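Enquirer: Here is what each chain is made of, one letter per residue.
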Amino acid sequence: MKLTRRHLGRLTAGLLGATLLWPAAASAQDMPAPFDNPGDVEIALVRYLSTGDFFQAYLSGVEAQAEALGVNLRVLDSRQDAALQADMVDQAIALGVDGIVIQHGLTESMKEAAQRAVDAGIKVVAFDVNVENEAIPQIEQSDRDLARLALEQAIEDNGESWKAAYVYVPGIAPLDRRNETWMEFKEKYPGIEQVAEFGTLDNPIANSVANQARSVLSANPDTQVVFAPYDEFAKGVKIAVDEAGLSDGIKIYSADISTADISAMREPNSAWVATAATNPAVVGEVSVRALAMLLADEDPGENVVVPPTLITQQLLNDEDVKNMQELSQKMPQFAHADVAVPDWMPLPERD
Amino acid sequence: MAQSVVFNIAGLGKSFGPNTVLRDITLALRAGEVTVLMGANGAGKSTLVKIMSGVHQADRGAMQLEGTSFLPGTPAEAMRAGVVTVHQNIDDGVVSALNVATNLVLDRLNNTKRGILFNPHRIRSEAREIAEQMDLSLDLSANVNELPLADRQMVAIARAMAHEPKVMILDEPTSSLSSKEADRLFAFIDRLRERGVAILYISHRMSDIRRLADRIVSLRDGRITGLFEDEPLDYEGAVNAMLGQELSAGHAAACAASEPIFTASGVQLAPGASPFSLALGMSEVVAITGLVGVGKTQLAEMLYGLRHPLAGSMQLDGKPYAPRTPADAIRRGVFLVAKDRARTGIVPDFNIYKNMSLPFLPRFSFFSITQRRAERAAARAQIENMGIVCRSERDDLFTLSGGNQQKVTVARWLSQPSRMLILDEPFQGVDIAARHDIAAKLRESAKERATLLFLTELDEALETADRILVMSEHTIVGEHRTSEVDMARLLAEVAGANMQGAA
Amino acid sequence: MRTELAEKPVAEAQQPESMQPSLTLREIAIRYGFLALLFGLIIFFSLATGGFASPQAAVFILQSVSITGILALGVTATLVVGGFDLSIGSVATSAMMAAAYMMVILEQNALVAVLVCLAIGAFVGLLNGLIICYMRVPDLLATLGMMFLLIGLQRIPTEGRSIASGMTLPDGSAAEGTFSPAFLALGRHRFDFFIENLVPASVVVLLVLAVLIWFFLEYTRFGRMMYAVGSNARAAEFAGAPVNAYKIWAYVISGVFASIGGILLAARLGRGDIASGTNLLLDSVAAALIGFAVLGAAKPNAFGTAIGALFVGVLLQGLTMMNVPYYTQDFVKGAVLVIALVFTFALLGRRN
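Residue numbers (the working numbering), protein chains in the order written: chain A, 86 to 436; chain B, 48 to 550; chain C, 4 to 355.
Among the hints, a few may not be true.
Interface residues of chain C toward chain B, partial, derived using beta-carbon atoms under 10 Å [claimed, not checked]: (1) 158; (2) 181; (3) 228; (4) 241.
FYI, nobody ran anything at the bench for these hints, they're computed from the structure.
For clarity, every value in this text was computed on a predicted model and none was experimentally measured.
By construction, the Cβ of each residue, glycine as well, lies at the ideal position given by its N, Cα and C atoms.
Model the full assembly from the supplied sequences, consistent with the hints where possible.
Expert: Laid out in structure tokens, this is it:
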């Protein structure tokens, strides 16, 4: 029964998609070259990280924007293999793509590969990886802003002096940038006392972090705030707080959001009170739009920053938000970023 | 036959600890002649080969190669001097992942004077040279592991020939070959003989020996007990010398056969072998003897459900008996003390009582939970009964001596009543004292079952059995009562004399 | 060879009598060394950190190792028959995804979800066993292949998304099912044990399974036969044991235990997380191998595996309480494993 209903749904979605393509194709003449003939344009997304909701949503944003433009998209996924990712850039060059989106990666391994792509006349944008190349615009979800928004909320909720536990794994670029903001905050507010620092990326991450957080919380039962600037960390800490029965005394502030995060934040008596996030799908869209502007010989700017939004438990409860879709509907600033949108740019359809 | 003596052994002796393995061996090998060395297991053949090929060093005596003293310290040294050995296990002689050409020149590749780079053309031409010299008509680019066994064996020998040996030792080269494959190997050995190599050929197979031997040397208990070189060769004399002449019949108090408990009729063991029948009586101890490789182990395993007869039927206790697995056989009361206890008998990580109860765990279990108290009591009774030397029934098996390990494996199967107890070479690797203990216990407990022993050593058979059956070429060729044994006929049957007429 | 064998008994016959039945110092060290080390660690951490020596901390350490412990007990069964199972980590994460899929997307109840997970575990184990026993693929390779297969397979139904209530499905609709409270209780319920709400369900599951598999391996005839198969498969065959059946059963046990681990993981996280489970695999294999050294067993054993898991748990939680960074913990984990293996193979191997 259920299955057939979903099949029907998929069918209608497909039909809808087909009809939507019509206007896009009709208006193709109004677009600058090479998008007057978008079927001939091919872009590649070269990924370093792909596991997890964030990256899944990012991919869907890239796909949506590519579809809106009518260009062909090729996804190359190196699954955390830095050397392979560099090879994949070369592969994309060999395939003769017109543009490349580099998504995450390591500066050292990607710098030269990116230069080779630029030398081959291919337009490149990079998301969340610094390839040290002037010709390549950086798409950023502004990790510093993410951390700042969450921490400002923590100050607002708890005053200027509290005992904090901090979850951090060095060496991961976005976490390192979020860490910089945390350092600044600790300097600015000397009342913040960091009693413990922990973190791990052993998967499932939430499970491993929960184990660690349990130990940290039993060693430091007077902890008031846990700053976990990555939602997998925050999930783990929340599990530990629940298991230790400490959800009254501890507040969790984090970054990033997903449907699962929303339900975790909205659980009764949840310690997870706020998170700052950019919509990963929007970041994906912005990445493709920036690349499209490059292809049309327009300048998206050296840094394309997608501004984050603060999402509190209060707000989710007040608006009765259950998933990412509803979050987009009820918070328009979350659903769309006014970044890299020249007049001719077609935007993905929204409901 | 007046060829020159190439290799000379004089007064060679070797002991391992208190055990003297070889005494006063004197033997000359001549160019262009195949000398067959016969000997039962433990006669000292392997030790002699190992001394000649530099694995062991002799304690006494001397060896000479072409008149100069030959005392190799390592196998490589022996090989360089011109004494080359091709071992029983073919895969020791070839590298199966490489092709024929590379195998043929492999030893040259190890030469340090050779360059680092691998030149396939040069290898191919060198290999072709060797193959032509040896009349070896094989595809040089074929991978060795795709070749039939005989071809592999020939590659191994041809590879050894690349050293231009003066003496070649072939240790049971046909043990894993079919008769057709063996024929090709024999033709090859003929060519070696023509090239003037002195060949020492070790084998149990009478058909090989009849085909190849120029002379026969029999070895028994570390001594040369016979040298036969006059035409026609006295094969029976050689077998007799190998098995021992001082055989005295009627050691065992022969027991008259009562009603048969087990019968087999028209059983065929191998393709082409003649079918045979077999009947075993209650309380009877029967020994089946014959040379190595005549199908004794196959028969033992067939009776125990590990193999299936090509034809024929069996009955146990008046009911049809066709075990598909050892578990079937055990349920019907047919037990097997298998050959080579280290591979098939012992669980090395288990202690004595766990080893003894292993096949009978269901009987020692209550709702599948093992009853250790009962297991240990049963094991203690058997330790007492067999006189096993140990501290307790909880000793790990690897702490026991070989004889005591064998006693444990036999005691395992004596610990429960059986209808037919089969023992395949139960005295292998066992000292005399343990052998007597085991034989005595077997006879003592033989009342309520049929006992079937498979023995290569004739004197063991004469010592323990009421009746002796002789196997040759996968069938039973003769029957003797131990009390009235005709030694001449028995030895002729072991040597395969009547098979000559039949085939 | 034969002649050497024949002369051996004479040389060795007297040896057993000359051995003294009392334990030497080295044997005591071999037997109780690891347990002493464990107690030493516990005392050290109790003194070095506040809050380590409490019933809550003890229970929590058990909870932190419950999932890897259960997996380790399963892999012990395959080690006993002389095999190895590299697929347990991915079986666990696949079971976690399956549980989430059943409840969130197919809207089934907790019982159905649990049964489906167990069935998946048993099926994967059966498949591993059949491939190893009848297709003659070496155990490491067969289960390695199965591991990759499962890592991929668990992503197919949701096109790589993690599963959570309200998630957007590939067709654009939202999943309406939720994790049933009964299922979540497996990960979150706590039983009273002297102190209220002390022992989590997962710890109870771990203890029950540990006792079960320990009893099975040590005291039933099936366990005994499995050890015989692992020590000398041919001898076991000649003693009438259906060797392949025992091997296949060992892989089924391993698969089922891994799927139980996956169920507890899903219940703890409350969602289906895409994960390869390689860390679960490595930690549980480490626990099983450390178990070799416990009580000087020098062979896979359930008690040793449980102690091994506990050892890793105590070490990691203690170090975390002392604020030691995570990479040091990996180092310590590895060091313990190396020491345990050296202990097993060098000290115990010399006996043979």
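Enquirer: Would the hint on residue 241/C stand, with a C-beta cut-off of 10 Å toward chain B?
Expert: 5 Å, holds
Enquirer: Going by Cβ atoms only, is residue 158/C closer than 10 Å to chain B?
Expert: 38 Å, violated
Enquirer: Taking 10 Å as the limit, does the beta-carbon of residue 181/C come near enough to a beta-carbon in chain B?
Expert: Result: violated, 42 Å to nearest chain B Cβ.
Enquirer: Given residue 228/C as an interface hint, is the shortest Cβ-Cβ distance to chain B below 10 Å?
Expert: Because about 7 Å separates residue 228/C from the closest Cβ in chain B, which is inside the 10 Å limit, the hint holds.
The structure shown violates the earlier hints numbered 1 and 2.
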